[in-house]
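Based on the hints, put chain B in the right spot on chain A.
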Amino acid sequence: MNDRRSRPARLASALALAATLLGLPSARARGDEVGVVVAPAAAPPAPAPPRPDAVPLDENTARLIGRHRLKLGVLAFDYAPTEWLSFGSDPPEWAIRSVTSVLVPNAHVKGQLLRTPSVEVSGRVAGYYANINNTEAHGHVLILPFTLYLSTRVARPLWLHFEGAYNWARGSGAGDVAKTDVWGTVVMRTAQLGIMAELRLSRVVALFARGRYQAYETPVIFQGGGMIDPFTRAQASLEAKPAASHPAMGVAGVALTWRHVGLVAGAGYGHYFVPGANLALPYNNVVPEGSLWVLF
Amino acid sequence: MGALLARHGALAAAAVSAAAAGCGPSRVDLPPIPMEIVAVRSSYESPTGDVPADAVAPLAALQSRLATLDATHLGDVVSTLLASLRQRLDGSGLPTDPATTPREHRPIIVGSVTLDRTCRGWDDARTTPDPANGTIEVTGEYQSGMLQKVIWGTATTCRERVDVANGAAVHAYLDGSLAVYLEGALASDPTQASYLAGWSGTIGTENATASVTFDFRVVPPQLEVRIPVADGDVIGSIGANMATLRGANGTYGCSLQTFTCELPSVARGAAPPP
Chain A
1 MNDRRSRPAR
11 LASALALAAT
21 LLGLPSARAR
31 GDEVGVVVAP
41 AAAPPAPAPP
51 RPDAVPLDEN
61 TARLIGRHRL
71 KLGVLAFDYA
81 PTEWLSFGSD
91 PPEWAIRSVT
101 SVLVPNAHVK
111 GQLLRTPSVE
121 VSGRVAGYYA
131 NINNTEAHGH
141 VLILPFTLYL
151 STRVARPLWL
161 HFEGAYNWAR
171 GSGAGDVAKT
181 DVWGTVVMRT
191 AQLGIMAELR
201 LSRVVALFAR
211 GRYQAYETPV
221 IFQGGGMIDP
231 FTRAQASLEA
241 KPAASHPAMG
251 VAGVALTWRH
261 VGLVAGAGYG
271 HYFVPGANLA
281 LPYNNVVPEG
291 SLWVLF
Chain B
1 MGALLARHGA
11 LAAAAVSAAA
21 AGCGPSRVDL
31 PPIPMEIVAV
41 RSSYESPTGD
51 VPADAVAPLA
61 ALQSRLATLD
71 ATHLGDVVST
81 LLASLRQRLD
91 GSGLPTDPAT
101 TPREHRPIIV
111 GSVTLDRTCR
121 GWDDARTTPD
131 PANGTIEVTG
141 EYQSGMLQKV
151 IWGTATTCRE
161 RVDVANGAAV
171 HAYLDGSLAV
181 YLEGALASDP
191 TQASYLAGWS
201 GTIGTENATA
211 SVTFDFRVVP
221 PQLEVRIPVA
231 DGDVIGSIGA
241 NMATLRGANG
251 TYGCSLQTFT
261 CELPSVARGA
271 APPP
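The listed protein sequences correspond, in order, to chains A and B.
In this text, residue positions in the first sequence follow my numbering: the first is 1, and each later residue adds one.
In this text, residue positions in the second sequence follow my numbering: the first is 1, and each later residue adds one.
List time: in silico SDA-like cross-link candidates among lysine to any residue, alpha-carbon distance up to 20 Å:
#, chain 1, residue 1, chain 2, residue 2
1, B, Lys149, B, Thr80
2, B, Lys149, B, Ser188
3, A, Lys241, B, Ile108
4, A, Lys241, A, Ala191
5, B, Lys149, B, Asp90
6, A, Lys241, A, Val274
7, B, Lys149, B, Asp29
8, B, Lys149, B, Pro95
9, B, Lys149, B, Pro190
10, A, Lys241, B, Pro31
11, A, Lys241, B, Pro102
12, A, Lys241, B, His105
13, A, Lys241, B, Gly93
14, A, Lys241, B, Thr100
15, B, Lys149, B, Arg103
16, B, Lys149, B, Val40
17, A, Lys241, B, Gln143
18, A, Lys241, B, Ser144
19, A, Lys241, B, Gln148
20, A, Lys241, B, Thr101
21, A, Lys241, B, Met146
22, B, Lys149, B, Pro220
23, A, Lys241, B, Arg103
24, B, Lys149, B, Ile33
25, A, Lys241, B, Asp29
26, A, Lys241, B, Pro95
27, A, Lys241, A, Arg170
28, A, Lys241, B, Pro98
Derived list of chain B stretches under chain A, where covered just means 3 residues or more per stretch with a C-beta under 8 Å from a C-beta of chain A:
#, stretch
29, 116-122
30, 127-135
Just so you know, these hints were derived from the structure itself, not from any lab.
We put the beta carbon where it would ideally sit given N, CA and C, even for glycine.
Looking at chain A on its own, in the form it has when it is part of the complex (with noise of 0.2 Å):
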């Protein structure tokens, strides 16, 4: 198997096949190569398909993955059944039960309101739930996130990425309240404003920048009763405070966007907010970013 080319060629197929796996414009494709000319013929060629475009950077963005699209990742599985609508589940909230004894089922629901150029608006809406019963108590947990994405192109390979969500909380009865401590996560109303700079430096590479801030936050109040034995009822009236208020986090990295696969990975500093249910951790720590999907 031994490559009889000179090191030149060797080194330019190298690069050539680096070129393609990162997107990066070829020159050879834009027929720009010194000394090569291409004659037009009498008549021209039909013009080729639409090349598939790179999948959708679509999380923490306005945009959607695209009509008769499905999205298998391991923060999100999404369908898409038309351009502007797409809905699915979120496996890390299914994936809490191998840590707890919570099983979190839910769903949610994108919709693009707005779609230019150099403008996209969608709107999400998700639901997160939680049984917290057990033999003495009874009790529901039930959040909803409600969020607006806006994403605008400032300038040819820059994208502003702007988040606002709030985050509706309900906890009916007073069943194990320890339950809804996964990491010292709190269930609480929250808003939360997030901001993600998105360089594409090709069709595939993009290096972006992304923080986000839970301005409010109120805990949500757990009031509920029970009988203990015939001639006695219990009423509790519990509220979990946060151990740490307005957490906040900043995190910076690379996404490639191929074909059919999406990667996102980086890291930064903060308080990690568990993707989706947008719940924040308690306490200071590096926060790691990453995401991978397959999209068909």
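This is chain B only, laid out in the frame that chain A set:
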């Protein structure tokens, strides 16, 4: 574009409406904790009065208090309520020991848990609650993630039936206020409960009631009561064959036959009764 916006207007409006509907109580109401029992507890820890040489009066008061407790089984009523409270707190995954501090980076619980008990009544055959038999309400509170040591409540024309040994039952009457100072964690077994309780109101049995204010401390197997003397309070308890009076001047063993007290040799450097 306008059509597109109009198409999604309903969705946006619904989202805003739902968000606005989320406005509710932002804080739980924390009922005020009656703190008088804390001052009473300091008397149990450091009695203010001296055990007098003539101990007839305090020993008689001790026997009277213990007789009231024995007749009404108020201690059993309180211990059972505390065990029920423990059961409810366990159900909510809440700490049951006032000494438990919140873990770092964990939510801080604030609020209250109230037991509302319909008294069992004096009909020994009755197994279902009847509001006519009165109620006892007991409240515990969490502040800064910690169970507060003071638990309090009210008995309202409560006709309570307390099961005692051999299938027998005692009929007690309670109408007044109750304050409890926890001496340790809430016990799931009523016989293991440690607390100081203060009572103010009418208490008695099916046949006789009286309006009294007194307090007692249960630290199994010990039962103590506070007895007023000329210069403050002493703490009395009764063992197998003798009573003990603990005062600022030492702890004395007292004969219930002769009503005289002696300072044990292990007393804390106190002088004998004058």
